[in-house]
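Asks: Given only the sequences and the hints, what does the whole structure look like? Please build it.
One letter stands for each residue in the lines below.
There are 2 protein chains.
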Amino acid sequence: MIENDLLLRTIRKEKVERPPIWLMRQAGRILPEYRAIRSSLSGFVELVQTPKLAAEVTVQPVDILGVDAAIIFSDILVIPECMGLEYELIEKKGPYFPKTIQSEADIEALDAGQLAAERLDYVFDALTETKKLLAGRVPLIGFSGAPWTLLAYMIEGQGSKTFSKAKAFLYKHPIAAHKLLEKLTETIIAYLKLKVASGADVLQVFDSWAGMLNKELYDTFCLPYLKQIVDSIDEIPVIVFAKGAYFSHKELTQLGSDVMGLDWTISAEAFRKQYGYDQVIQGNLDPCVLYSAPSEIEMKTTKMINDFGGHHICNLGHGVYPDTPLEGVKTFIKTVKNHTYHQS
Amino acid sequence: MIENDLLLRTIRKEKVERPPIWLMRQAGRILPEYRAIRSSLSGFVELVQTPKLAAEVTVQPVDILGVDAAIIFSDILVIPECMGLEYELIEKKGPYFPKTIQSEADIEALDAGQLAAERLDYVFDALTETKKLLAGRVPLIGFSGAPWTLLAYMIEGQGSKTFSKAKAFLYKHPIAAHKLLEKLTETIIAYLKLKVASGADVLQVFDSWAGMLNKELYDTFCLPYLKQIVDSIDEIPVIVFAKGAYFSHKELTQLGSDVMGLDWTISAEAFRKQYGYDQVIQGNLDPCVLYSAPSEIEMKTTKMINDFGGHHICNLGHGVYPDTPLEGVKTFIKTVKNHTYHQS
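So the sequences go chain by chain: G and C.
Per my numbering, the first sequence starts with residue 1, numbered consecutively.
Per my numbering, the second sequence starts with residue 1, numbered consecutively.
Hints are computed from structural coordinates only; laboratory data are not their basis.
Incorrect hints may appear among the rest.
When chains are identical, the list treats them as one kind, so a pair holds in a single copy or across two.
Claimed, not checked - With a straight-line Cα cutoff of 25 Å, these simulated DSS-like cross-link-like pairs (lysine-lysine) come out:
hint, residue 1, residue 2
1, 172, 215
2, 334, 227
3, 337, 15
4, 172, 334
5, 300, 179
6, 337, 172
7, 13, 250
8, 300, 161
9, 165, 337
10, 92, 215
11, 132, 52
12, 131, 52
Replies: Next comes the structure, spelled out in structure tokens:
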């Protein structure tokens, strides 16, 4: 059904000839072809909400870079939006919520679940449109923010170096925090199931601000909700990427997700030594390696592939940075595509 | 010589009745008495450069909060400044360097070592002044930024979510990077020795952006320079705090520093289990715990003290956040001061 199903075979732990490769943020940051479309529009949010254009930029990296998967061009903050908390994306600054969550009443007032998720028809239309454009060439990844990461933005109202307001909320108002996390989880599950219905082949959950917490907070406010999400999706594989959550790596391997994403701070060697070779891993080249000379990129990529030793989806350990040279990206992809696992 | 020498005895691994306590950023963020002085001045840098006032705000937390050590009110960016790279501190935004390091020639042009460090007479005067005000009550901590953290600011010119320009410099120009790190190390050592001569009783090296790297980068660009610093200072104890450097915890325990600072992301329990009970630790309560109810602060503080089980200096796992309620800070300090290690 899918022509290049290397990603799916890797996730199923079948024997593969090489690791598949795609890049977090491959759509929407680095390609001149993307920037051309983007600059013709009023803003990022307009692009997210226009299915035809979102589909076009989603497929660009498949056409131009030859990656083994597409990931839908969208934003994690569409979930707060469909629950009733609108956001803007301010150029070079990031997301901004004019209204934030401050009290239990604010949480009560939010919509949740199917009712809320169904409002995101522009995302589902973008998936349908993308599937047409892909015409079965590679799998399409749908995604969502994780409950904690979305809560963090909804309370802070914007990015933060410490996310201290959001963390203070967990400590001071644990019951209200759980209430919000439950509403988010319910909405995320409905949203992801609608993505499956719209043609997603794989799903990824981004817990971008996991690293602000610690094991105790992660055990209490994150893992139970991630588990609910993972347990609810049995239609297609789920990747969980909890950036910075080294303190919960063991628990994340036991979560029951199909793939565990890793950031660049842990080496493949250290991870496999500590947690074994069974877990399918996605990651985790330092995005800054792509600024290096080609020989350096080749060397570090090959070492990573060898050190993970299979059950591995090549990716960066973070979204590709906006000023990454395209040549670096191409060298990374070429190195992976030229790799051949040793025959045993 | 020093009335309350609990900090020094803990560092020497003597038997103590309770852990000592002080807070990173205890001077200059949370006290209304600090804000009163600060608001009468044109800016943060003016305060740093006025020894009498710097000494006054240094001693405030000793007088008002009853902490077991003073840490000189200053800034890690005085080192780039004395090397020839001036900075400003922009309110609510952070440091900004009008000129940054872009090439080997820029590095060549920097002053270094004793020559550069001696220019920071206002810091040494502030130490002398502080010693007078303290009159032997508690030890005085002097500090410096670590080479990598200072390099990061000198290349980026300001704070960054990813420090991708600085990291790209390490990957693309390793020889130039080492050259700059050497110059920084030489200057830091001279600077710290001048602090010793001005009365510092303990020194702390802050590697605030360690967590942007990984083991390979840390081994190459950070640990050798930290080792040089630690090996060069044999007059008084040295604390090394590499925030986010979980991937190098083992190497940091072997560095030869007297104390290892820990951020809040690793639990006392996990650290001791992995690295044993011999290392003197400083840290590591999550700064956001101080937003909680008093009973919660007491419980989490006591658990941390028990889990470290001695050889422990109580502190937060990060600088105290500006909007931390003073009551939370006081509860934290009171809990530690009321603690008694079980007699064996």
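Asks: Take the hints in turn and mark each one as holding or not.
Replies: Right, here's what the structure says about each hint:
no. : hint        : verdict
1   : 172 <-> 215 : within (18 Å within a copy, 35 Å between copies)
2   : 334 <-> 227 : neither (35 Å within a copy, 39 Å between copies)
3   : 337 <-> 15  : within (16 Å within a copy, 60 Å between copies)
4   : 172 <-> 334 : between (50 Å within a copy, 20 Å between copies)
5   : 300 <-> 179 : between (44 Å within a copy, 23 Å between copies)
6   : 337 <-> 172 : between (50 Å within a copy, 24 Å between copies)
7   : 13 <-> 250  : within (20 Å within a copy, 33 Å between copies)
8   : 300 <-> 161 : between (29 Å within a copy, 23 Å between copies)
9   : 165 <-> 337 : neither (44 Å within a copy, 28 Å between copies)
10  : 92 <-> 215  : neither (32 Å within a copy, 30 Å between copies)
11  : 132 <-> 52  : within (11 Å within a copy, 71 Å between copies)
12  : 131 <-> 52  : within (11 Å within a copy, 69 Å between copies)
In summary, the numbered hints that this structure violates are 2, 9, 10.
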